[in-house]
Amino acid sequence: MKKTEFLNIRKKIEQKNHGMIDKVTNLDQAVNLINNGDTIALGGCLYSRTPIAMIREIIKKKLTDLTIIRNLVSLEGDWLLASNCLKKIITSWYSIGVTWGVSKVMRDYMENKKAIYEEWSHLGLNLRLKAAAMGVPFLPTFSMLGSDLLKNLSIKNFDCPYTGLEMCAVPAIFPDVAIIHAHRADQYGNVQIDGPPFIDSDVAYSATKVIVTVEEIISNEKIRMTPDRTVIPFFCVDAVVEVPFGSFPHECYGLYESDYEHFDEYTKMLKETNLKGLGKYLDKYIYNPDTFNDFLNIFSVKKIINRIQSGKEICNA
Amino acid sequence: MPNKNKYNTAELVAVLSSRTLENNKVVFVGAGLPLISAALAQRTHAPNLRILFEGGIISPEILIGGLPLSTNESRAAYKAVMLPSPTDLFSLQQRGYIDYGFLGGAQIDKFGNLNTSFIGDSENPKVRLPGSGGGNDIITSCTKTIIATHHEKRRFVEKVDFITSPGYLNGNKDRENSGLIFGKIYKVITHLAIFEFDEKSKLMKLAAIHPGVEVNDVIENTGFKPIIPKNVARTKAPTDKELKILRELDPDQRYTSER
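These protein sequence lines map, in sequence, to chains G and X. Under the numbering used here, the residues of the first sequence are numbered 316 to 632, in order. Under the numbering used here, the residues of the second sequence are numbered 4 to 262, in order.
Chain G with its partners taken away, still in its complex shape (with noise of 0.2 Å):
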């Protein structure tokens, strides 16, 4: 990155709206805040706590060329690639769980050059990410040294200055775009998470624009009661939008748990049909529910509230 670029990046975080003001909006509405070709940073890590209903409206407004950042590339993955809707993703790790072995969707478009797999280390990439947080061009790790990742990455080593030990320059990646799912938010866009925090923080300070979608609005006294579950400020967000079960079939901390056997019939379908599978699932899942409530009605009621009490008496050690 260029010294130009980095100031410009961060002159449009000063020209932001900084003002506490009412952000809440819906999913059609929050989808046009991002555009062909841009990069876009996902909240949660693996299957819990993914921007689930943000990437369906995504998918459904067929956007294109975009590329996907996330710690750990989990079914939504999938989705995306199928819909062909990412040229890139830049992660450390890619399938839905260990269990459920190896994504062939992403085989699939990775081994036939249909989309490039930009991998790094975990530490890595979140520190990608933290520096763009911080607003430093990049930060040091012994992470990555002497392996083959850095020769597939533009990584820089250098000498530590004052004790000379060799290090990698991680640079910082400021994506246009970050969604996050998370527990709860006022209408301000202060947001609050239950649970592992992951790297949420550090995903909405990173990028320009921030889409939050949450499973309850509360009020700012509320919010007030509460300040140390509070992990995003206002002045980060620019959409709030409430969408109960918004993770789903991925899980919510404490709320509910994943939908295991989705996953479970999802592989199992893939491998079937050998992908061909794949368009209908797309159509079922995503193209015909109308809304995001459309697309819960096709779980069970009965499967949905096994999963809220499961996810309940795990939480509640």
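Careful: at least some of the hints might be erroneous.
Facing chain X, according to a computed beta carbon distance under 8 Å, are these residues of chain G, among others [claimed, not checked]:
#, residue
1, T354
2, C360
3, S407
4, V417
5, M421
6, K445
7, F457
8, M459
9, L464
10, E481
11, P511
12, S573
13, T606
14, D609
15, I613
16, I629
When the alpha-carbon atoms are kept at most 27 Å apart in a straight line, the in silico BS3-like pairs for lysine-lysine are as follows [to be verified]:
#, chain 1, residue 1, chain 2, residue 2
17, G, K627, X, K82
18, G, K466, X, K187
19, G, K419, X, K244
20, G, K466, X, K176
21, G, K428, X, K162
22, G, K429, X, K187
23, X, K82, G, K471
Which bits of chain X does chain G cover? Going by a derived footprint, with three or more residues having C-beta under 8 Å, they are [said to hold, decoys possible]:
#, segment
24, 136-143
25, 165-174
26, 177-189
27, 199-206
28, 227-241
29, 244-252
These are computed hints drawn from the structure, not numbers from a lab. For clarity, every value in this text was computed on a predicted model and none was experimentally measured. We put the beta carbon where it would ideally sit given N, CA and C, even for glycine.
Given chain G's structure and the hints, the job is docking chain X onto it.
Relative to the frame of chain G, chain X by itself:
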């Protein structure tokens, strides 16, 4: 070959891995076999062994019969003492607090380098694998890395197709000369044997073979020539107690089914 009547190969690897973990230490584990091994160690000789998960989870309790399917989910965070961001967790590792790391890999070579990225050339791979995740960070910065895996010729190769997670690179002082100044590759534990690494050359060295296994079995299933000392120790078979606990932890054998 191991005695398959009393235990299967995955159970054997889990039990022997658990025995290498000491009490009052902190271990960074992945989902699956590493987790089972650490949970078993906690229930046998190392009640004060503490587990860390990549999702940013410190010292959770393992739900009997309800093992998490990944290390980044609510189930993995059950009764944890702290849920820092993964960036903070990896930072604590770089700081020197993590005693053991526990990894597997699609390929491992004679210097303990691991590949979880590509089979074949990385430009035109035969298989694109999931990637590093925290593997590269763990082997770089934890104090002792243990590699636990099934023992197959196609997995134990002369040279990995791609170094995702660096072991001793090309041997001798290559690891530290590449700036990797922390940690060592402690042991490689398979269903046939336990390996360590030669102090000087950093070549994989046979340390022990399992009950019913002969040195020739190891040689035949290894795609390179490890150092074979004159006298090779023999490990003790899993005990009834160890197997009982293991099967309580994983009643459906999700992680410990025969490979």
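Hints and how they fare:
| no. | hint | verdict |
| --- | --- | --- |
| 1 | T354 | 19 Å, violated |
| 2 | C360 | 4 Å, holds |
| 3 | S407 | 5 Å, holds |
| 4 | V417 | 6 Å, holds |
| 5 | M421 | 7 Å, holds |
| 6 | K445 | 6 Å, holds |
| 7 | F457 | 6 Å, holds |
| 8 | M459 | 6 Å, holds |
| 9 | L464 | 6 Å, holds |
| 10 | E481 | 4 Å, holds |
| 11 | P511 | 5 Å, holds |
| 12 | S573 | 7 Å, holds |
| 13 | T606 | 27 Å, violated |
| 14 | D609 | 26 Å, violated |
| 15 | I613 | 22 Å, violated |
| 16 | I629 | 5 Å, holds |
| 17 | G:K627 x X:K82 | 13 Å, holds |
| 18 | G:K466 x X:K187 | 23 Å, holds |
| 19 | G:K419 x X:K244 | 40 Å, violated |
| 20 | G:K466 x X:K176 | 20 Å, holds |
| 21 | G:K428 x X:K162 | 25 Å, holds |
| 22 | G:K429 x X:K187 | 39 Å, violated |
| 23 | X:K82 x G:K471 | 41 Å, violated |
| 24 | 136-143 | holds (count 6) |
| 25 | 165-174 | holds (count 6) |
| 26 | 177-189 | holds (count 7) |
| 27 | 199-206 | violated (count 0) |
| 28 | 227-241 | violated (count 0) |
| 29 | 244-252 | violated (count 0) |
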